[in-house]
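Chains as they are written, first to last, in our numbering: chain G, 277 to 529; chain W, 277 to 529; chain R, 277 to 529; chain D, 277 to 529.
One should not assume that every hint holds.
Unchecked claim - A few chain W residues that face chain R, going by a derived Cβ cut-off under 8 Å, partial list only:
#1 A323
#2 F417
#3 I419
#4 A420
#5 Q431
#6 F460
#7 H464
#8 L481
#9 D491
#10 V495
#11 T496
#12 Q500
#13 L501
#14 F502
#15 P517
#16 A522
Don't read these hints as lab results, they were simulated from the structure. From the three backbone atoms N, C-alpha and C, an ideal C-beta is built for every residue, glycine too.
Number of protein chains: 4
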Amino acid sequence: MASDQLSLLRRLRIRSHDLLEAGTSEDRLSVVVDCFLIALIILNVIAFSLETVESVDAEWGRQLRWFDVGSVIVFTIEYLLRIWSCVEIPPLRHLKGWKARLRFAARPMLIIDLLAILPFYLAFLGFDLRVLRVLRLLRFFKIARYSPALQTLGQVIANERHALYGTVIIMAALLLTSSTIMYFLERHVQPDAFGSVPQAAWWALSTLTTVGYGDVTPVTALGQLFGGLVMIFGLGMFALPIGIMATGFSQEI
Amino acid sequence: MASDQLSLLRRLRIRSHDLLEAGTSEDRLSVVVDCFLIALIILNVIAFSLETVESVDAEWGRQLRWFDVGSVIVFTIEYLLRIWSCVEIPPLRHLKGWKARLRFAARPMLIIDLLAILPFYLAFLGFDLRVLRVLRLLRFFKIARYSPALQTLGQVIANERHALYGTVIIMAALLLTSSTIMYFLERHVQPDAFGSVPQAAWWALSTLTTVGYGDVTPVTALGQLFGGLVMIFGLGMFALPIGIMATGFSQEI
Amino acid sequence: MASDQLSLLRRLRIRSHDLLEAGTSEDRLSVVVDCFLIALIILNVIAFSLETVESVDAEWGRQLRWFDVGSVIVFTIEYLLRIWSCVEIPPLRHLKGWKARLRFAARPMLIIDLLAILPFYLAFLGFDLRVLRVLRLLRFFKIARYSPALQTLGQVIANERHALYGTVIIMAALLLTSSTIMYFLERHVQPDAFGSVPQAAWWALSTLTTVGYGDVTPVTALGQLFGGLVMIFGLGMFALPIGIMATGFSQEI
Amino acid sequence: MASDQLSLLRRLRIRSHDLLEAGTSEDRLSVVVDCFLIALIILNVIAFSLETVESVDAEWGRQLRWFDVGSVIVFTIEYLLRIWSCVEIPPLRHLKGWKARLRFAARPMLIIDLLAILPFYLAFLGFDLRVLRVLRLLRFFKIARYSPALQTLGQVIANERHALYGTVIIMAALLLTSSTIMYFLERHVQPDAFGSVPQAAWWALSTLTTVGYGDVTPVTALGQLFGGLVMIFGLGMFALPIGIMATGFSQEI
């Protein structure tokens, strides 16, 4: 009978591994579980956002908090099942139970899973730091598990990282040069907006990225002339990473 | 004589099918019909826009409404001729008349054709919902029929949809993270603009897409520092879909 | 002696053709002439811009007008020499003098050359329309002759014109749909900014192209939600033409 | 003993050359030196920016100036070591000592190295021009030495320079045409913002680059219609350089 029970547990473990980790589109229940978890993740994020709206919080705050409790319970069960059933994952099979589970729990996705539910339990232990509550946002990153394309994107970014570092250096050089020059050109006329290099950097960044808030703009003739140059260099700041990414993609495929 | 009349109808049906569906650049009349319909579509859209301008509506409202009546008549004739002559389309030829027509009428382009004229007739039957009048805009989408390049574009988007889903997830994650962090950084200083996460999302979206209205901007030092980071991540939000599309195009060709 | 003079003319004509049309980097004088003309074109454009600045015009107006007279004389000589020497261009050699010259004068670049100097002479004949003076701007387009890369760019745009038409249709559809919906969402709250579809189109276009002036922004919750969607679609409006151009370039090379 | 000392110097020179110029990731000390110099460069730039913030300068000005002195000493030692050890660089080995050093000192990176420390020493000699102090910014460009990807980027830009010139001409033509036309359309209504072509160019550039400050916008119906066209052409100004860069990258790799 003990053997029967064990084999039942074993079968449950294999099943829960299939449902959570190795689901294919043929396994109906696995698809349902995936869709349920994706929907729960999205609802959690919406609930998190709505809680910060005062009028919504006044009327629906109670329900939103109960929804949070429910979600944490589901995500905790999901986390525990993943940890429990991970010994069925081929590369971990040859390891001992706890060794496999520790190695599995150290994977980035699993750490995100844990951090996303941790603040709720820490609150019970008295550690109710407000900052920790932001960790609830990590629940959204759980969704990364369900998009194979994200892995490709990540791969492309990783392959092109040297070129992207180069772009970052160019951007930093452009940012620094333009904010310094603009600081010298405009500081006497607009001491509030261009009174220091970091302040001028706010303008320079919003111009180089072509965001262009317009809360701060050069007003002197020389400032506008130089500002025009900065705008044109901003085009280059777009062209470089986009060219790099486009090439990276075509190589990956 | 009945046979003559039938064959005349048959010939008319083939001709109208040639004119509307299978026109080549050698068939002069087909080109004229196409150009007339394209011009009518564009004039309809312009008329629709102008009707909402009060000063134009006061002076030309009557004429615009008569133009609308005329257009509906033309589009109705076009629709009926398409339905009538569709049995000449090769893949539908082997079907029975009504079966072929029903299957043809269920095509997306034909549904758009119908919806674009339906509100006019519903108004006669007393169903004059204002919302329905927006369906008149669908007339513009009839133009899609005349651009073979649109099909290629649609194909590229369809092929790259997995990569584009990945991009949407990244964009949602960036949007969520930046609006939440900015909410914590600016809510005490600007409760009107950053008083909740959805409000902060308005700023975050306008920054990440590099639109940059500037109606709402961070004012604290920390807020501006973080805002600069969000701007730079916005560049990435451009680079990803553009890189994907560029690769998709080069593969398609 | 007549024969000598003729052959001198002939040699002059060949020389002026070499200098203006068929210059290589080895022909020193041709390079000097090219640089002189490019510099004159750029100075003309700067002069044109400066004339519209009142303070500059008050002080330097006289000099700028004399510079204009001088430029017109140079450009007229250039134009006449080109027309005169065009019979030396290989594909025109087999034609009779005036036939070759007429065909040559009908080339786009030569028409630009003519239109760029015409307003000056028309002013002598009493036709001094202000609008005609804008034609002076065409002098800048003369510079196109000196950049072989522009021809490649033009070629790419010409090759991809069908795809670009498709993009224009998508852009028009996006513009129309977003301005109409925004008109319905915001017209009661902001009748000055969203009082008609064409007015709303100003907002929609500035958002879809990610320019984002911020002079007009949605203020209702629904309007901001829909505005966010429009911003994201604006990313697509970038991705399409850029993807098309990138592919076009890689095919051209 | 003299020979021993010489060979010690020789060995030191080889070592310092290895550390500064020919460092590989296996040479631990070389990596440490590189990281130290990169960190010092970044700290210098931050210090330069912070010095311009009045509140920071009041409190930490003394420390920042001592940090500057320290940095100049380190960079001077680095510069002298590079000059001294450059005779170990293979292509310079066959030259005589001073000839090799002069040729080496004329390299762009070495000139930047020198200019970045020069203002400090000039101040001792009485030449304390404020403008010279901006040269301190050049310290940031020393970082280019540590990113091999920057060389690839530079290579791509150099290869595509003809196409990029073409883009610049198109941009200039667009800028000129749009600012002139807008000047005619808006100058009577907004003489402060569109009173001359250069003033209108500020609007045109901010629109064509899609920066869109919104400090100056057209208000007349015709002005807004034309402004919309300019926005759409702005998309093309992005598409061209990005398409060129993307193609350049894929060719380079």
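Status of the hints after comparison with the structure:
The interface hint given for W/A323 is violated, since its Cβ lies 11 Å from the closest Cβ of chain R, which is over the 8 Å cut-off. Because the smallest distance between the Cβ of W/F417 and any Cβ of chain R comes to about 7 Å, under 8 Å, the interface hint for this residue holds. Using the Cβ-Cβ criterion of 8 Å, the hint placing W/I419 at the interface with chain R is satisfied: the shortest such distance is roughly 6 Å. Interface hint status for W/A420: upheld, as the beta-carbon distance to the closest one in chain R is roughly 7 Å, under 8 Å.
Given hint, W/Q431 at the interface with chain R, is violated; its Cβ is 11 Å from that chain's nearest Cβ, farther than 8 Å. The beta carbon of W/F460 is not positioned within 8 Å of any beta carbon in chain R (closest approach about 21 Å), and the interface hint is therefore violated. Below 8 Å, beta-carbon pairs count as interface contacts, and W/H464 has none with chain R, the closest being about 22 Å; its hint is therefore violated. Checking W/L481 against chain R: minimum C-beta separation of about 5 Å stays under 8 Å; hint holds.
Hint on W/D491 holds. Least Cβ distance to chain R is approximately 5 Å, under the 8 Å limit. Look at W/V495: its Cβ only gets to about 16 Å from chain R, farther than 8 Å, so that hint breaks. Because the closest C-beta pair between W/T496 and chain R is about 20 Å apart, greater than 8 Å, the hint is violated. Because the beta carbon of W/Q500 sits about 17 Å from the nearest beta carbon in chain R, more than 8 Å, this interface hint is broken.
Interface hint at W/L501: violated, since its Cβ lies 22 Å from the closest Cβ of chain R, which is beyond the 8 Å cut-off. Annotation: interface hint on W/F502 violated; nearest CB of chain R at approximately 20 Å, more than 8 Å. A distance limit of 8 Å between C-beta atoms decides the matter here; for W/P517 the minimum to chain R is near 5 Å, and the interface restraint holds. Against a cut-off of 8 Å between C-beta atoms, the interface hint on W/A522 holds, since the closest Cβ of chain R lies about 4 Å away.
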